[in-house]
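Visitor: Sequence:
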Amino acid sequence: MRIRDMIITALLCVIAAAPLAAHGAPPEADYPELLYRDSAVEAVSKHDQTTIAYAVFGDEFGEITERVSRHQAYFVPADEALADWDDEGLANEELGALAERHIATGPVAEQPLEYVESFTTLDGETISVAIDDRGRPLLNGEVTVVESIRLAYGYMHIIDGRLDG
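When the letters of the sequence shown are read in order and numbered with the numbering used here, they come out as residues 1 to 165.
Treat the hints with care, as some may be off.
Stated by the list, open to error - Below, a list of computed lysine to aspartate or glutamate pairs in the DMTMM-like style, where the Cα atoms sit at most 25 Å apart: (1) 46 to 79; (2) 46 to 63; (3) 46 to 110; (4) 46 to 164; (5) 46 to 84; (6) 46 to 160; (7) 46 to 59; (8) 46 to 133; (9) 46 to 147; (10) 46 to 60; (11) 46 to 66; (12) 46 to 80.
Said to hold, decoys possible - Okay, the calculated beta carbon distance ranges per label pair: (13) 4 to 115: 14 to 24 Å; (14) 132 to 67: 32 to 42 Å; (15) 58 to 7: 56 to 66 Å; (16) 164 to 134: 18 to 28 Å; (17) 152 to 4: 22 to 32 Å; (18) 126 to 4: 25 to 35 Å; (19) 146 to 2: 53 to 63 Å; (20) 118 to 80: 24 to 34 Å.
Everything labelled a hint here was simulated from the structure, so no lab data went into it.
These numbers come from a predicted model, not from an experiment.
Built from N, CA and C at the ideal position, the CB exists for glycine as well.
I would like the entire structure built from these sequences, with the hints used as guidance.
Guide: Right, here's the structure in full:
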């Protein structure tokens, strides 16, 4: 009788745990091919498509990273998106606000964009997420995520435009 009870108990545990396992986080293999163990600022500084973004936002990203203690999702414009942009006339406060428009916390920082319908940036702007015909996330119907990289404490998404409207 004792062995039968142990088998039934084990079977019930497996049945009870199955729904939890089915709704767990998506497997890492479904998302980025790169896995940075660096901070977001270090990842932006090392990526070959974000050298202009690092030059423009590096200090602001660093300050925000220190201030915000939760996981973060960085939406970093690719060099092509910033190539003709002139940031010379912007004050530090304006750069900081623009950097906050490109960072979010919450579920968007903890799971792939394919599982998020919308998110709110640090400056309070709501950004919608859809999937385009090629299977890539599309922000506000116009900015495409060209690459997503899982970081130690969030995600870095390389985007083909800016989120400043």
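Visitor: Check each numbered hint from earlier against the structure, then list the numbers of those it violates in ascending order.
Guide: Failing hints, ascending: 8, 13, 17, 18.
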